[in-house]
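If you read the protein sequences in the order shown, they are chains A and B.
The opening residue of the first sequence carries number 2 in my numbering; numbering runs sequentially from there.
The opening residue of the second sequence carries number 418 in my numbering; numbering runs sequentially from there.
If you are wondering where the hints come from, they were derived from the structure by calculation, not from laboratory data.
Hints may be right or wrong, so weigh each one.
Stated by the list, open to error - Cross-link-like lysine-lysine pairs, in silico, DSS-like; alpha carbons within 30 angstroms at most:
#, chain 1, residue 1, chain 2, residue 2
1, B, 536, A, 494
2, A, 494, B, 467
3, A, 235, A, 139
4, A, 366, A, 235
5, B, 535, A, 495
6, A, 495, B, 540
7, A, 139, A, 406
8, A, 406, B, 509
9, A, 495, B, 536
10, B, 540, A, 235
11, B, 540, B, 467
12, A, 235, B, 535
13, B, 540, A, 494
14, A, 495, A, 139
15, B, 535, B, 467
16, B, 467, B, 536
17, B, 608, B, 467
18, A, 235, A, 363
Since the structure is predicted, the reported quantities are computational estimates derived from the model, not experimental observations.
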Amino acid sequence: MKRRKFDLAATPGKAAVGVDDRFQVATPLRRLLNKVFPDHWSFLLGEIALFSFVVLLLTGVFLTFFFEPAMTEVVYDGSYAPLQGTPMSAAYASSLDLSFDVRGGLVMRQMHHWAALLFMAAIVVHMLRVFFTGAFRKPRETNWIIGSLLFWVGFLAGFTGYSLPDDGLSGTGLRIASAIMLSIPVIGSWLTSSIFGGEFPGTIIISRFFIAHVLLIPGLLVALISVHLGLVFKQKHTQWPGPGRTNGNVVGERMFPRYALKQGGFFMVVFGVIALMGGLFQINPIWLFGPYEAWVVSAASQPDWYVMFLDGSTRLMPAWEINIPIGDGYVIPPLFWPTVVLPGILVGLSTMYPFLEARHLKDRKSHNLLQRPRDVPARTAVGAMAVAFYVVLTLSGANDVIADKFQISLNAMTWAGRIGLLVAPPLAYYVTYRLCLGLQQHDREVLAHGVETGIIRRLPDGRFVEVHQPLSAADGHADGHGELEYAGWVVPKKMNRLGALGPAVRGFFYPIEKPVEAPVSPGHPPVEARPEREEIGSGESRR
Amino acid sequence: MSTEHQAQQAREPLDINAPGVTRFDIVREGARRDDIEIVHYEPQVQPGTKAERRLTRVVAGMFLITGLAATAFLAIYIWWPWQYEPGRGGDKFYTPLLGLTLGVALLAVGFGILTWGKKLLPKEVSIQDRHEGAVDEDSRTVTGQTMLYMADELGVKRRPLLGISLLAGLAPVGAVVAAPLVGGLISQPHKNNQMFTTGFAAAEGGERVRLVREDGRPVRPADISSGGQLTVFPGIEHGVSNQHADSPTLLIHLRDSDAQESRRANERIGHGDYMWGNYAAYSKICTHAGCPASLFEQQTNRLLCPCHQSQFLITDNARPVFGPASRRLPQLPIEVDSEGFFVAKSDYTETVGPDFWERP
Numbered sequence: 002m003k004r005r006k007f008d009l010a011a012t013p014g015k016a017a018v019g020v021d022d023r024f025q026v027a028t029p030l031r032r033l034l035n036k037v038f039p040d041h042w043s044f045l046l047g048e049i050a051l052f053s054f055v056v057l058l059l060t061g062v063f064l065t066f067f068f069e070p071a072m073t074e075v076v077y078d079g080s081y082a083p084l085q086g087t088p089m090s091a092a093y094a095s096s097l098d099l100s101f102d103v104r105g106g107l108v109m110r111q112m113h114h115w116a117a118l119l120f121m122a123a124i125v126v127h128m129l130r131v132f133f134t135g136a137f138r139k140p141r142e143t144n145w146i147i148g149s150l151l152f153w154v155g156f157l158a159g160f161t162g163y164s165l166p167d168d169g170l171s172g173t174g175l176r177i178a179s180a181i182m183l184s185i186p187v188i189g190s191w192l193t194s195s196i197f198g199g200e201f202p203g204t205i206i207i208s209r210f211f212i213a214h215v216l217l218i219p220g221l222l223v224a225l226i227s228v229h230l231g232l233v234f235k236q237k238h239t240q241w242p243g244p245g246r247t248n249g250n251v252v253g254e255r256m257f258p259r260y261a262l263k264q265g266g267f268f269m270v271v272f273g274v275i276a277l278m279g280g281l282f283q284i285n286p287i288w289l290f291g292p293y294e295a296w297v298v299s300a301a302s303q304p305d306w307y308v309m310f311l312d313g314s315t316r317l318m319p320a321w322e323i324n325i326p327i328g329d330g331y332v333i334p335p336l337f338w339p340t341v342v343l344p345g346i347l348v349g350l351s352t353m354y355p356f357l358e359a360r361h362l363k364d365r366k367s368h369n370l371l372q373r374p375r376d377v378p379a380r381t382a383v384g385a386m387a388v389a390f391y392v393v394l395t396l397s398g399a400n401d402v403i404a405d406k407f408q409i410s411l412n413a414m415t416w417a418g419r420i421g422l423l424v425a426p427p428l429a430y431y432v433t434y435r436l437c438l439g440l441q442q443h444d445r446e447v448l449a450h451g452v453e454t455g456i457i458r459r460l461p462d463g464r465f466v467e468v469h470q471p472l473s474a475a476d477g478h479a480d481g482h483g484e485l486e487y488a489g490w491v492v493p494k495k496m497n498r499l500g501a502l503g504p505a506v507r508g509f510f511y512p513i514e515k516p517v518e519a520p521v522s523p524g525h526p527p528v529e530a531r532p533e534r535e536e537i538g539s540g541e542s543r544r
Numbered sequence: 418m419s420t421e422h423q424a425q426q427a428r429e430p431l432d433i434n435a436p437g438v439t440r441f442d443i444v445r446e447g448a449r450r451d452d453i454e455i456v457h458y459e460p461q462v463q464p465g466t467k468a469e470r471r472l473t474r475v476v477a478g479m480f481l482i483t484g485l486a487a488t489a490f491l492a493i494y495i496w497w498p499w500q501y502e503p504g505r506g507g508d509k510f511y512t513p514l515l516g517l518t519l520g521v522a523l524l525a526v527g528f529g530i531l532t533w534g535k536k537l538l539p540k541e542v543s544i545q546d547r548h549e550g551a552v553d554e555d556s557r558t559v560t561g562q563t564m565l566y567m568a569d570e571l572g573v574k575r576r577p578l579l580g581i582s583l584l585a586g587l588a589p590v591g592a593v594v595a596a597p598l599v600g601g602l603i604s605q606p607h608k609n610n611q612m613f614t615t616g617f618a619a620a621e622g623g624e625r626v627r628l629v630r631e632d633g634r635p636v637r638p639a640d641i642s643s644g645g646q647l648t649v650f651p652g653i654e655h656g657v658s659n660q661h662a663d664s665p666t667l668l669i670h671l672r673d674s675d676a677q678e679s680r681r682a683n684e685r686i687g688h689g690d691y692m693w694g695n696y697a698a699y700s701k702i703c704t705h706a707g708c709p710a711s712l713f714e715q716q717t718n719r720l721l722c723p724c725h726q727s728q729f730l731i732t733d734n735a736r737p738v739f740g741p742a743s744r745r746l747p748q749l750p751i752e753v754d755s756e757g758f759f760v761a762k763s764d765y766t767e768t769v770g771p772d773f774w775e776r777p
């Protein structure tokens with residue numbers, strides 16, 4: 002057989018044809034490449050969570066190669082001198098080895114922990130974005146519910162994760178968790194005993210948490226995240242209102258190449274920030290806490306930030322114990338309410354919110370355009386209320402540290418939290434509602450009268466008025482009435498947002514391009530108020 | 418929107434094999450087939466301009482920084498002294514340097530790609546139709562009828578026995594799946610009365626348990642100065658370990674006046690003989706969430722739990738005076754044996770540790 006010359010340039014084309022012959026992917030691939038995504042900085046928040054999750058998977062797999070999830074007692078003989086000869090669990094010893102005797106293990110451990118904190122933070126901020134812009138409305142209620150669940154599953158992932166090293170701090174957290182389970186009426190002691198395999202701490206909880214942390218919970222997270230992204234893809238992203246944007250279209254960029262390239266770059270940036278934090282900022286220095294011993298604790302024992310609101314609610318709860326005098330008597334301890342009932346209510350309220358709002362507004366339409374928070378004062382105020390509630394609880398989770406650093410009485414901090422929890426949310430509601438109305442009013446004012454130019458004119462009769470630049474070409478109309486409709490989007494409020502300043506000159510030290518002719522010279526007012534419009538500043542007359 | 422849609426359908430499809438059709442024309446045609454209109458497509462830099470060369474240099478520079486930083490990471494990883502040494506050795510910089518080089522490498526490649534995408538590629542605005550409003554009632558009906566037809570074919574309605582027996586058959590299968598999980602995990606919480614006893618329970622022979630220190634040595638009254646306190650454990654095997662996580666006890670040597678007050682409080686609740694001299698022993702395990710309530714304030718005789726700030730007044734039977742705890746710390750009745758060491762007269766007479774439903 003005659004040997005043909007190998008044509009390198011034709012290979013990709015041939016391979017592509019071969020693939021399409023077998024899988025018929027040309028059309029779906031084109032659809033994918035062409036899919037249009039709207040762009041706004043706030044749409045990146047969820048991606049930070051996604052990218053942190055990828056980092057968590059990568060670093061987490063590394064950690065499993067060295068971590069030993071066992072509570073067998075060993076005597077530490079690693080290279081960290083202060084703990085040598087100390088009896089401890091194998092889990093704690095192997096965590097120390099990860100930090101001191103595995104090359105680069107500490108940076109991986111710290112990256113894993115920072116990525117977890119970032120994951121939760123990004124979820125929360127992303128959720129706020131979705132809430133305040135109304136992105137959860139029909140048809141996206143399912144994705145809102147999945148998002149809320151992701152927070153709680155992430156919460157579990159975090160808790161099981163930081164319990165694994167079995168150090169002094171996490172062991173205390175585990176003991177509190179066991180007390181929380183114990184507090185559940187009727188089944189509490191059975192539940193705790195079943196999970197811990199007997200009385201606290203038992204010998205098996207670390208192995209059980211390990212398999213939950215590395216298999217069950219990540220599996221659930223992967224499943225939920227896949228559905229979450231799949232739905233975003235299927236339902237297409239929401240967009241802000243603006244020129245050409247309607248409820249029935251998506252205005253943005255096609256996915257390839259620019260959008261995808263930016264995503265890839267952004268992933269690297271998130272990864273890089275986590276690496277910097279993992280290297281430069283110490284987190285959870287377990288070797289300072291020592292192994293877990295039931296009788297040792299230190300002040301300022303705080304959990305990771307996303308657990309602090311529950312710690313805070315526990316601290317603020319008054320000592321209300323319910324005794325049920327039947328037989329030997331039964332007890333519902335005060336711990337039950339802030340740690341079991343409260344999260345239950347929060348899950349219920351947050352997942353049901355889209356339906357509650359739609360029912361309240363009798364709104365059954367699909368919404369693909371976002372709303373500015375100011376345009377929906379009631380929802381924004383409810384959100385502010387929730388944020389105020391959360392912030393008071395989170396701060397109360399650190400109230401001993403605040404009391405210590407600011408020389409405040411600890412009891413005063415607790416009482417401030419108790420009162421604040423009742424007072425701050427309604428106050429936040431009221432203030433936010435008024436702020437929204439004020440902002441709305443200002444938007445309408447600018448649309449009606451124009452942008453403040455900062456130019457003061459003195460009128461012949463001695464009065465001073467500020468010249469306003471109207472936004473619409475009012476003069477073209479026969480009646481000169483130029484009031485604009487509000488379009489649900491940003492109203493320019495400064496002259497440079499109208500292009501009244503010349504375009505920026507590009508280049509760092511010297512211009513790299515010849516600057517465009519500056520439209521006006523300094524000192525000369527950029528906008529000449531027309532004589533017949535000079536009274537617009539006072540907003541009284543338009544002729 | 419509807420007119421736009423009609424306009425698109427009325428559009429002449431482009432003949433992609435026609436001569437003179439550019440690649441961009443084909444791209445635009447492909448987009449149109451997906452109901453996407455590229456309405457604005459504008460290069461940000463003109464090919465061959467100074468701006469383009471400059472941006473290219475910037476992006477290339479960033480990629481090279483990545484290479485440098487990654488190489489530095491490898492060099493540090495291999496040659497930097499990394500093993501832990503006490504003191505302020507170079508090993509303390511190992512992790513920060515790894516993080517720094519890795520972070521810089523990733524950030525540089527990230528910003529390089531971002532600059533490439535944001536500055537060098539053409540800006541575009543495309544509009545894609547969502548096709549959401551156009552609900553196809555017909556296909557809903559067809560799918561619905563298909564499913565109903567399938568249900569009819571199965572004939573569950575006509576043959577209800579099938580459905581009932583299937584359910585009856587599958588329900589136990591579900592239970593079979595759950596049984597090993599529940600059965601394997603479930604554990605009787607009151608085995609050996611474990612929730613109501615601690616390590617201080619007297620042995621079967623009636624021998625009383627000594628109070629020992631962390632290192633296992635027994636405690637004499639003279640070991641604690643007035644106003645001082647000491648954490649003690651049951652003097653049994655593994656008494657100090659986490660196997661007896663409910664047993665840690667705080668032995669407090671009260672000052673005279675406080676001791677008298679404390680004794681009077683004891684007598685009020687029928688615990689008149691629980692103290693020995695000026696010494697009182699209370700469980701260290703907080704009755705709220707089980708943390709060790711270990712911060713003792715000598716001046717006020719208050720014991721504070723650092724987890725949730727419950728405060729217990731030792732001179733009033735360790736009654737909770739502030740915070741979320743609702744139950745006093747149980748008191749351990751103590752005395753001194755013939756050899757002069759502290760022993761527990763009996764186990765705690767109240768339940769130790771966090772509360773639960775069936776605590777009497």
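When you check the alpha-carbon spacing of residue 235/A and residue 363/A, does it fall within 30 angstroms? The hint holds at about 26 angstroms.
Tell me if the straight-line CA distance from residue 535/B to residue 467/B falls inside 30 angstroms. It holds: about 17 angstroms lies between the C-alpha atoms, which stays within 30 angstroms.
Holds or violated: residue 494/A to residue 467/B, with C-alpha atoms at most 30 angstroms apart: The given pair, whose Cα atoms are some 35 angstroms apart, is violated under the 30 angstroms limit.
Is the hinted pair residue 467/B and residue 536/B satisfied, with a Cα-Cα distance of at most 30 angstroms? holds (14 angstroms)
Holds or violated: residue 495/A and residue 139/A, Cα atoms, limit 30 angstroms. Violated - the C-alpha atoms of residue 139/A and residue 495/A are around 35 angstroms apart, more than 30 angstroms.
Next pair to validate is residue 235/A with residue 535/B; report whether the Cα-Cα distance is within 30 angstroms. holds (26 angstroms)
Keeping to a limit of 30 angstroms between CA atoms, is the pair of residue 540/B and residue 467/B held or broken? holds (19 angstroms)
30 angstroms limit on alpha-carbon distance, applied to hinted pair residue 366/A and residue 235/A: Roughly 18 angstroms between the alpha carbons, so the hint for residue 366/A and residue 235/A holds.
Given the hinted pair residue 540/B and residue 235/A, is their alpha-carbon gap at most 30 angstroms? Between residue 540/B and residue 235/A the Cα gap is close to 25 angstroms, so the pair holds against 30 angstroms.
With a cut-off of 30 angstroms on the C-alpha distance, tell me whether residue 540/B and residue 494/A pass. holds (26 angstroms)
Hinted pair, alpha-carbon criterion (30 angstroms max): residue 139/A, residue 406/A. Please report holds or violated. violated (47 angstroms)
Pairwise hint evaluation, residue 495/A against residue 535/B, where the allowed Cα distance is 30 angstroms at most: Holds, because 26 angstroms separates the two Cα atoms, which is no more than 30 angstroms.
Checked against the numbered hints given earlier, the structure breaks hints 2, 7, 14 and 17 and satisfies all the rest.
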